[in-house]
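Asks: Listed in order, the protein sequences are those of chains A and B.
Taking our numbering, the leading residue of the first sequence gets 1, the next gets one more, and so forth.
Taking our numbering, the leading residue of the second sequence gets 1001, the next gets one more, and so forth.
Source of the hints: derived by calculation from the structure; they are not laboratory data.
Take these hints with a grain of salt, some might be off.
[Claimed, not checked] Footprint (simulated), chain B over chain A, 3 or more residues, beta carbon under 8 Å:
#, stretch
1, 10-19
2, 28-35
3, 50-61
4, 70-84
[Claimed, not checked] Only part of the chain B face toward chain A is listed, based on derived beta-carbon distances under 8 Å:
#, residue
5, Ser1208
6, Ser1317
7, Val1326
8, Lys1327
9, Ala1335
10, Ser1347
11, Lys1375
12, Ser1378
Positions of the beta carbon are idealized from the N, C-alpha and C atoms, including for glycine.
Spelled out from the first residue to the last, the chains are:
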Amino acid sequence: MTEKISRQEVRHVANLARLDLSDAEEARMTEQMNDILGYMDKLNELDTGAVTAMTHAIQLQNVFRQDEAVPSLDRELALANAPQSDGASFVVPKII
Amino acid sequence: MELQSLAVHQLRDLLARREVSATEVAACYLERIEALDPALRCYLTMMGEEALREAALFDSGKKDLDASPLAGVPLAIKDVICTRGIRTTCGSRILENFIPPYDGTVAELLRKSGVIFLGKTNMDEFAMGSSSENSSFAVTRNPWDMERVPGGSSSGSAAAVAADLCAGALGTDTGGSIRQPASFCGVVGLKPTYGRVSRFGLVAFASSLDQIGPITKDVEDAALILQTIAGYDRRDSTSVDLPVPDYQAALDAPIKGLRLGIPKEYFIDGMDPEVESAVRQAIRTCADLGAEVVEVSLPHTEYGVAAYYIIAPAEASSNLARYDGVKYGLRITDARDLITTYRLSRSKGFGPEVKRRIMIGTYVLSAGYYDAYYKKASQVRTLIRRDFLNAFEKCDALLAPVAPVPAFKIGEKTDDPLQMYLSDVFTLPASLAGIPGISVPCGFTTSEKLPVGLQILGPHFREDTILRIAHQFEQATLFHHMKPEIKP
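The following block holds chain A by itself, in its conformation from the complex (with noise of 0.2 Å):
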C-alpha cells in the first residue's frame, strides 16, 4: 500500500490542529493515519460523479431569526470556567 501521508504532512496537519505531539506520537500517528486513510481508498470504488454531496439529514433551509438584541449569558456566569479573568473579559497571554 502505498504511503499516504508522511510524517512531515503529519507534523504539518499536527500544527493546524494546535496538538504538540511528541516523537514517539508522531510515528505511531503516521502509522495510524496511514492504516485508517488507506482503508478510505474504498470510497474510490463508487462512482459519485452525478451524486450531490449530502450536507444535512434532513429538508431544513436557513434557519434565521430576527436580527434583535435578545438577553444572553450573564457575564458573571460567562467568566466563572475561566481560567483567569479580570471580572470583564477573559485574560490570555499576549498573541504575539
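Position chain B relative to chain A; hints supplied.
Replies: For chain B alone, kept in the frame of chain A given last:
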C-alpha cells in the same frame, strides 16, 4: 419484584398510588450505587444530595407527584449533556472541572417533568469510542461480565440501566453510541431521527450526526422518555418543527401485516454465529406475530465505515477547536504566548483517540484533500441515505443486528483503531442517513451468555413504528425481565 428492578412506568404506578415515596426510590438507587459502582464505574459525578432534596420536595407535597408522567423518577444522564451547576466532563481531562452555567434543553425538559437526576455517567471521551476505554477517567464494566466492555460511548448510562443503578438514562448516539451499548448490556436504547430531539446543551462531537436518546429497561420507558425530550427547540437551529406523536399510544398496535425488511448486507461473514442466530430467531418471532418478512438490499452498506470516519472526525475537528484554554477547560499556564497556550492545553487535555480523530478530520478538510475525502464521503452519504429510502418503499421498518459481535473483552480492540471502527458497521449507516433506530434485547450468546440486541430501523420521524415493533417483540419474549448477577 425489587424496587430497583422496576421500569420507570412501574415506578410511576407505585408513586402515583403513594405505595412508595420518592425518597425511598432515590435512596434505594443511591445505596445500590454506593455498593456496586466502585466496581462498575458507571458514574463520574454523583448528585445524591440534590436527588434526596428533590425527592423530599415531592414527599412533603411541595412538588406534585401527579403533575407529570416522569415526576419522582430517578434517571442517570450521560456526561456529555450540560447540567447547570453540575460538573460536565465529556469523559475528558480538558473539561475535568467544567461546570456548565446552563442546562441543556433535554435536562431542562426532564427537570420540568419532575425527573430526579442521580448523576452524570461515564463515556468515551467526547463520545468517540465504542467501549468506554477512551474515557480519561475510568473503564466501565459490563454488568453481565466484569471482564468485558459495556460498549460505548454511552457506556455508563447503558451499564447503569442494566445493573439497576438508575430507573433509566439518557445517552447520545452519533455512530451507534446508544444502540451498541444497549445491545452489549441487554437493555433498550433508542436513537431518534436527526432533528427530533434538541441538541442545545449537548456538547458537540459531529453536528450532523449527534442525537440524544433514552436508554431504558423496556420499550414503554423509551417511549415515555422520548415523549418528554422530543420536540422543536428554537435554540437548536437543526431542530425540526414537526408535531410529536403519542409514542405510548403507538405501542399497543399489533404488528400483523407490517412489512419488515431484512437487509442482506447486514448478515456477513465474520459475524459471530451466535449473534446471527439470536437475531434470526428474533426475526422468526416477528414473523410469528404476523409481520411479513421481506429481503431487501442496502447496497452501499460496506462503504459506511469509510464515509463515517471521514465525516465525523471532520466535524469533530471543527467542534473541538473551541477547547483552547481561553474561556473554560484546562489551560496550561507556562506558555509565553497564545498559540503555545492552545498547543499545550490541547495536547495535555485530549486523549489519544480524540487527537487521532482531530488529526484525521483536519487532514480530510485541508486544502488539496477536501474533494478527495470529505466531499467524496458526503456523496457516498447521499447514496447510503438513498438506499434506506428505497428500502422503505418495500417495507415499514428494517430488522438487523446491532453489532457483529457481543461485548468484547477489555483491552481486546485497543491496539488497532481501525478494527474498533469496523465493529460499528451496522450502526453507522442509519446515523449517516439520519433515520431513527432502536436496539431491543433479543437473546444471549449460548457459550458466554452475553446479551444480543435486535436493531429496528425506521423511516425519518417514524419512531412510533419502531417503538411499536420493539414493544410487540419485547412483550412476546422474556428478555426484558432478565437481570445480570453482578459479581463485583
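Asks: Determine which of the earlier numbered hints do not hold for this structure and return their numbers in increasing order.
Replies: none
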